[in-house]
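Enquirer: Model the full assembly from the supplied sequences, consistent with the hints where possible.
Below are the chains, spelled out letter by letter.
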Amino acid sequence: MPAKIRKLVVQVDEIRSEMGKTVSPPTRKALAMAVIENPYAGHYAESLDELTAIGEELGGLLGSRCVEALGIAPEQAQSYGKAAIVGEAGELEHAAAILHPKLGAPLRKAVGKGAALVPSSKKQGGIGTAVDVPLGHKDAAFVRSHFDAIEVRVPGAPRADELVVILAMSTGPRVHARVGGLKAADIAQWDGLR
Amino acid sequence: MIDIRRVFFHAEDIFHEFGPPPATPLRRGYVAGVLANPYAGRYEPDILPMMAQLNEVGIELARGLLKHMDVPAERIEGYGKGALVGGAGELEHGALWHVPGGYAMRELLGWKGDHAAAGKDGARSQPGNALAIVASAKKVAGPGATLDVPLTHINASYVRSHFDAIEARVPGAPRADELVVILAMSTGPRVHARVGGLKAADIAQWDGLR
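Going down the list, the sequences are from chains F and G. Per numbering that gives the first Met the number 0, residue 0 is the first one in the first sequence, and the count goes up by one each step. Per numbering that gives the first Met the number 0, residue 0 is the first one in the second sequence, and the count goes up by one each step.
Any given hint could turn out to be false.
[To be verified] Just a sample of chain F residues kept apart from chain G, beta carbon distances all over 10 Å, derived:
| no. | residue |
| --- | --- |
| 1 | P1 |
| 2 | L7 |
| 3 | Q10 |
| 4 | D12 |
| 5 | I14 |
| 6 | E17 |
| 7 | Y43 |
| 8 | E45 |
| 9 | K108 |
| 10 | P118 |
| 11 | Q123 |
| 12 | F141 |
| 13 | R143 |
| 14 | F146 |
| 15 | R177 |
| 16 | W189 |
[To be verified] Some chain G residues close to chain F (C-beta under 7 Å, calculated; not the full set):
| no. | residue |
| --- | --- |
| 17 | D12 |
| 18 | P170 |
| 19 | Q204 |
Just so you know, the hints here were simulated from the structure itself, not pulled from any lab data. On a predicted model such as this, the values are computed, not experimentally measured, just so you know. Every residue, glycine too, gets a C-beta built ideally from N, C-alpha and C.
Expert: This is the structure we're talking about:
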């Protein structure tokens with residue numbers, strides 16, 4: 000059963016300067032979100048396979064929407080993250096069913112590749128709930144300059160029987176990153192971590 | 000010359016709201032530009048110089064929004080604008096956006112001047128697009144505040160199906176000494192509009208109202 004999508008949202012946040020210091024080139028972050036029907040709202044289901052399939056579908060759809068919105072080649076995306084908000088009639092495990100089993104592979108395909116774990120957050124909430132989507136470097140989770148987060152909310156969603164599924168990407172590190180640690184240029188293990 | 004510190008784009012497709020889905024989903028969007036407020040923290044009697052400087056900001060943001068909406072200009076049927084003023088500014092600073100924001104968007108969408116030509120029989124013909132005033136909202140607010148930006152039909156303010164609003168916000172902005180200036184567009188009426196009133200197809204006066 001494909002996702003029943005009520006609303007698709009794409010946002011781009013372009014930061015050109017911070018604290019009076021220019022960011023060159025500007026850092027661009029994209030968010031793509033789908034508001035979907037939760038097929039398991041209001042009842043307990045042992046198998047959450049439908050949501051897992053929906054996760055796989057949305058990993059590709061929202062991943063490519065982010066890349067398109069940024070106007071970049073897939074491999075130019077440097078970091079990624081994901082999140083879901085479950086409406087009141089669902090359970091947190093519904094978000095897990097979407098985000099964790101199968102969403103990653105099509106998302107990685109949308110950004111060329113990606114060895115690192117896709118950082119995630121999830122929560123249950125009412126209409127207009129905001130979530131902070133973590134971002135991490137797509138090839139090495141320990142790259143400190145790319146530890147980041149972006150706050151998002153969809154006005155009017157999720158209703159009780161809905162889910163909001165969110166993917167985020169960035170074209171660069173935190174603006175003016177300068178707290179040391181592993182640099183993207185020094186990734187050497189290619190194990191998804193360092 | 001005003002530096003835009005940050006640009007935030009939003010576009011959404013609304014497929015339905017639990018009613019029959021329209022053949023083409025409704026697309027709505029906004030752009031928000033985050034700027035330094037040069038008048039923050041003091042009373043400045045003459046703020047008009049900034050209004051002129053905002054013209055270029057308006058043009059850039061209007062073009063950027065249309066690009067992010069990813070539809071031809073002819074498909075834009077509704078518009079609106081707004082401003083958020085950080086806590087060290089005053090509401091009047093937000094009012095600087097009325098003229099540059101509104102006219103930038105109207106020019107882009109086909110405005111040819113206010114003149115609505117009367118024909119031989121007194122009937123008026125459509126002199127262009129974007130004839131209607133651009134509805135607006137503004138407030139003084141903290142970082143991450145939301146602004147409900149009103150949307151109305153671009154050619155006739157009284158078209159009831161196009162009375163709408165889109166909630167805009169930029170996480171982390173405006174800071175106390177910043178302004179967030181916003182433009183919004185939509186491609187059609189509310190997704191299941193059915194409360195009567197003037198229809199877009201019945202616009203006849205071409206005076207920006209009816």
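Enquirer: Take the hints in turn and mark each one as holding or not.
Expert: Structure-based check of each hint:
1. P1: Non-interface label stands for P1 of chain F: nearest chain G Cβ at 13 Å, farther than 10 Å.
2. L7: Answer for L7 of chain F: violated, closest chain G Cβ roughly 4 Å.
3. Q10: violated, 5 Å
4. D12: Given that some Cβ of chain G is not farther than 10 Å from that of D12 of chain F, nearest at about 5 Å, it is violated.
5. I14: The assertion about I14 of chain F is violated, with a minimum of 5 Å to chain G.
6. E17: At roughly 7 Å from the nearest Cβ of chain G, E17 of chain F sits no farther out than 10 Å, so the non-interface label is violated.
7. Y43: Since the minimum Cβ distance to chain G is about 24 Å, Y43 of chain F lies beyond 10 Å and the statement holds.
8. E45: holds, 28 Å
9. K108: holds, 23 Å
10. P118: Answer for P118 of chain F: holds, closest chain G Cβ roughly 18 Å.
11. Q123: With a cut-off of 10 Å, Q123 of chain F remains clear of chain G, as the shortest Cβ separation is near 21 Å.
12. F141: holds, 26 Å
13. R143: holds, 21 Å
14. F146: It holds; F146 of chain F is separated from chain G by about 17 Å at its closest Cβ, greater than 10 Å.
15. R177: holds, 19 Å
16. W189: holds, 33 Å
17. D12: Hint on D12 of chain G: holds, closest Cβ of chain F at ~4 Å, below 7 Å.
18. P170: holds, 4 Å
19. Q204: This hint is violated: Q204 of chain G lies away from chain F, its Cβ roughly 33 Å from the closest one there, beyond 7 Å.
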